[in-house]
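Protein chains in written order, with the numbering used here: chain A, 14 to 324; chain B, 2 to 132; chain C, 300 to 858.
Careful: at least some of the hints might be erroneous.
As the list claims (entries may be wrong) - Calculated lysine-lysine pairs in the BS3-like style (CA-CA distance at most 27 Å, straight line): (1) 120(B) - 752(C); (2) 75(B) - 117(A); (3) 533(C) - 483(C); (4) 483(C) - 782(C); (5) 78(A) - 815(C); (6) 75(B) - 483(C); (7) 241(A) - 782(C); (8) 789(C) - 105(B).
These are calculated hints, taken from the structure and not from any lab test.
Take a look at the letters that make up each chain.
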Amino acid sequence: MNIEERLLKGDKRACARLITMVENNDKESIDIIKKLYKYSGGAYVIGITGPPGSGKSTLTDRLTKELRKQGKKVGIVAIDPTSPFTGGAILGDRIRMSDLALDKDVFIRSMGTRGSLGGMSKATWAAVKVLDIYGCDYIFIETVGVGQSEIDIVKMADTVLMVMVPNLGDDIQAIKAGIMEIADVFAINKSDLDGADKTQVEIEMNLDLNEKRDYRPPVVKVSAGLNKDIDVLLEKLFEHKGYLEATNELEKIRTRNNKLEILKLVEEELMNLIIDRAVKEDLIEDLSKEVTLRTIDPYTAKDKIISLINK
Amino acid sequence: MERPIRVLVAKPGLDGHDRGAKVIARALRDAGMEVIYTGLRQTPEQIVAAAIQEDVDVVAMSILSGAHNHLFPKVVNLLKEEGADDVLIMGGGVIPEDDIPFLKESGIEAIFTPGTPTKDVIEFIENNLKR
Amino acid sequence: MFDDKKIEDIKASVDQWEKNKVEKALAKFPERKEAFVTGSNIEVKRLYTPADIEALDYNEDLGLPGEYPFTRGVQPTMYRGRLWTMRQYAGFATAEESNQRYKYLLEQGQTGLSVAFDLPTQIGYDSDHGLSEGEVGKVGVAIDSLRDMELLFDGIPLDKVSTSMTINAPASVLLAMYIAVAEKQGVSKDKLRGTIQNDILKEYIARGTYIFPPEPSMRLITNIFEYCSKEVPKWNTISISGYHIREAGSTAAQEVAFTLADGIAYVDAAIKAGLDVDDFAPRLSFFFNAHNDLLEEVAKFRAARRIWAKIMKERFKAKSEKSMMLKFHTQTAGSTLTAQQPDNNIIRVTIQTLAAILGGTQSLHTNSKDEALALPTEESVRIALRTQQIVAYESGVTETIDPLAGSYYVESLTSKIEEEAYNYIERIDELGGAPRAIAKGYIQKEIQNSAYKYQMEVESQERIVVGVNKFHIDETDKKDLLKVDPAVEKLQREKLEALRSERNNEEVETTLKVLKEKAETEENLMPFILDAVKAYATLGEICGVLREVFGEYEQSVIL
């Protein structure tokens with residue numbers, strides 16, 4: 014059996030290998046996804062974001078267990094930062110999900126950001142497709158939880174779950190911008206700690222200020238550690254899904270995201286093409302120097318590089 | 002195509018001495034590898050499941066309790082059963098010399114005992130990858 | 300301690316000496332290194348003089364042995380009165396075999412027992428549990444029920460020996476078993492002497508044999524404090540351990556700081572549970588590591604005593620002097636032992652023994668030379684014990700109290716470690732105390748950074764480890780190592796099966812049911828654990844019931 018047939022049959026090794034191939038930019042893997050794309054679309058994608066230490070992994074573990082009770086097949090993509098200096102990474106999210114490892118209908122994959130600025134890369138997009146074809150009903154993408162990745166998740170997910178914890182203090186100020194707009198459901202994790210109610214009020218107040226959306230995001234207090242109210246949270250995620258499906262919003266979101274992906278792919282491909290040619294001819298170095306010497310300006314330099322496309 | 006080597010660092014068995022495993026994990030990261038760290042008390046089944054899903058090039062295990070003769074070969078066999086024969090398997094910890102031939106025969110390709118410099122481990126991985 | 304004028308004179312002459320003598324000498328023979336540091340990376344000067352300890356106030360900072368702040372020791376006569384307890388940690392395979400080893404050690408002149416349990420026992424699993432596979436009897440003795448405990452102490456009068464048990468998460472169960480064995484021997488609880496480690500915080504930090512989450516774990520610990528203060532008054536209810544923190548790679552100052560921060564958390568918890576500080580604090584004991592940097596280690600022990608005394612007096616308002624005394628057990632540093640040229644380890648252990656004794660320890664375990672390779676053989680355990688005896692009877696360091704006091708270097712280092720430790724304790728207080736700092740991964744991260752730094756120093760040869768990164772030889776000779784017979788596991792399982800068919804299972808079920816109900820209340824669980832133990836409920840069954848109520852701890856990994 015080749016890897017395509019094995020993937021369609023739900024073979025974990027095939028799924029794992031294909032993700033490796035897409036991560037490594039392997040051409041063959043793209044051909045395979047092209048061929049199998051028609052089998053995708055069955056998965057619902059939930060992005061999980063929130064600051065480091067908010068318990069995203071544990072919450073993902075608990076939500077997955079809840080979905081497993083309903084017989085759903087679940088894929089998890091857990092992203093951790095790659096060191097910009099060495100290219101290495103420590104991927105430690107699995108540790109919170111170790112009893113899921115043996116579940117035949119759960120697939121967990123840890124990925125490093127590998128140089129993508131936002132943490133969400135072409136590879137993440139592709140990995141989600143592989144998991145979709147593999148047959149997952151739900152796919153969780155757990156972000157790094159800092160910087161751009163928190164915002165970028167919206168480009169991949171159907172529903173965005175924002176995980177908060179009590180007493181974030183100034184952090185809540187910092188994430189107000191951008192985050193409040195993209196989250197579809199808020200979870201206040203570790204809600205057994207003091208300050209959970211206060212955090213809830215703060216979020217609600219913030220949502221009141223931003224009351225322009227058709228769907229008012231619910232705010233749910235949970236405790237992943239104590240396994241409390243996970244079912245309530247899942248219900249809220251389902252409600253959002255139901256809303257998207259009933260209002261045709263889901264199709265809109267997916268079309269918007271597909272557009273973003275296509276543009277991103279085109280951008281990358283074009284960049285590679287141009288850079289490849291420009292590097293071959295030492296053009297970039299030379300032009301950069303000329304700009305420094307004021308023999309040409311940066312705009313003319315750009316025109317020269319762009320003209321390579323037509324060669 | 003330049004790609005990071007992926008390594009699963011695991012502690013099978015019940016001992017909680019993870020100083021060595023953590024130092025190795027950091028050293029491998031600093032050598033540019035992607036290290037999937039799975040924490041304490043992992044059963045051979047869990048280690049193998051993680052190795053498969055993460056499609057790692059290397060499984061590196063550490064045991065200080067003396068349960069290595071039992072647990073290391075079990076991981077090798079389970080990986081074989083799953084058809085994952087292109088994974089480099091290594092072990093470390095307090096492991097008596099007398100046990101090493103048996104472990105190597107069982108498919109553990111290198112055993113690193115206390116005092117091994119991390120650069121030896123890195124070199125071994127780089128030179129013995131199976132794919 | 301010195302008048303200002305004298306100090307000024309000394310400073311001036313040191314300056315002169317640096318300029319004239321030292322510079323000349325350096326011009327001819329540069330020193331071996333640019334900078335000198337201790338084993339824990341504290342900078343070491345070329346020379347120490349009274350000027351380095353000018354701020355020291357003798358009465359306030361050192362005092363006299365047996366008096367606040369106990370820097371010079373907790374007893375007024377120290378080893379002139381009684382030597383420390385020589386206590387070798389031992390236990391392997393079955394209860395019967397360990398019993399033989401204990402009797403052997405007592406015959407050899409050991410003065411206290413120290414029980415090592417296997418990992419399934421430490422994590423509350425019976426020998427027939429799936430996760431116990433391959434681990435039964437490996438790092439210690441397998442105890443599944445009271446029946447094993449009866450065999451372990453067979454023929455050893457529990458009113459005559461003091462017993463230390465390295466047991467944490469299920470400490471209350473093993474203590475209950477010990478009490479039950481004593482009762483069968485006709486020894487009442489109030490005569491029992493010994494220690495349970497019972498220190499869960501350092502399990503989360505460094506040692507890894509936790510079971511329950513922090514809150515119920517702290518409750519079990521305070522239950523023991525309360526029960527023992529009434530029923531087993533001579534028992535040391537906790538051994539707050541820096542040993543494993545150091546083994547995980549911390550520095551000396553971190554060892555002191557994190558251990559005492561854990562201590563603060565236990566005292567806080569007990570006070571919160573309604574206990575009076577002077578009722579339980581005298582039964583708190585500590586457990587430290589003895590490393591190779593002899594003088595730094597001595598300073599560490601002295602600093603720890605001084606800090607704890609101040610914390611108990613000033614922070615917790617203890618009134619009894621006994622509450623302020625930091626009494627501690629020491630073990631030589633397992634992580635310093637090398638697999639290469641293992642005989643060299645005897646010398647390392649000797650240095651570490653001196654550190655512990657010059658630091659005023661109350662009891663000591665010396666490691667055996669072969670522990671980087673396997674469990675120690677009887678012969679190597681004997682050498683380790685002889686090391687203590689030679690230091691005790693031949694070295695002369697025991698004849699006077701705290702002989703290194705007043706050394707400009709040692710006093711300066713003592714103050715330096717104290718200062719560093721206070722800084723850490725302050726930081727941990729800011730984070731909300733040790734349990735919060737652990738949950739945030741702060742303490743683990745600090746230790747891992749030190750461990751990684753040390754490893755890199757060894758690899759770059761900034762630090763020399765004899766036989767490892769310098770002075771190698773080819774070693775081909777066979778080493779004689781102890782092997783635990785794999786049949787032990789099978790044997791232990793058979794014993795367990797027999798027990799399950801022979802005991803009164805109705806009684807087991809009833810006691811477990813009561814325990815479960817009580818676990819959901821706030822009541823002290825010790826009496827109910829004792830009932831279950833006496834009914835021969837197994838350790839795994841008892842911990843299983845508690846797992847159902849309390850849940851299990853999930854590791855947080857910070858790398």
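Hints, one by one, checked against the model:
In summary, the hint linking residue 120(B) to residue 752(C) is supported, as the alpha carbons are separated by about 14 Å, within the 27 Å threshold. A threshold of 27 Å between alpha carbons decides the hint, and for residue 75(B) with residue 117(A) the separation of about 20 Å falls inside it, so the pair holds. Between residue 533(C) and residue 483(C) the CA atoms are separated by roughly 19 Å; this keeps the pair inside 27 Å, and the hint holds. Under the criterion of a C-alpha separation no larger than 27 Å, the hint pairing residue 483(C) with residue 782(C) is inconsistent with the structure, at around 33 Å.
Straight-line distance between C-alpha atoms of residue 78(A) and residue 815(C) comes to about 26 Å, which keeps the hinted pair within the 27 Å bound. As the CA atoms of residue 75(B) and residue 483(C) are separated by approximately 43 Å, the hinted pair breaks the 27 Å bound. Our distance criterion of 27 Å between C-alpha atoms is broken by residue 241(A) and residue 782(C), whose separation comes to about 47 Å. For the hint pairing residue 789(C) with residue 105(B), the CA-to-CA distance comes to about 26 Å; that is within 27 Å, so the pair holds.
When each numbered hint is compared with the structure, violations occur for hints 4, 6, 7.
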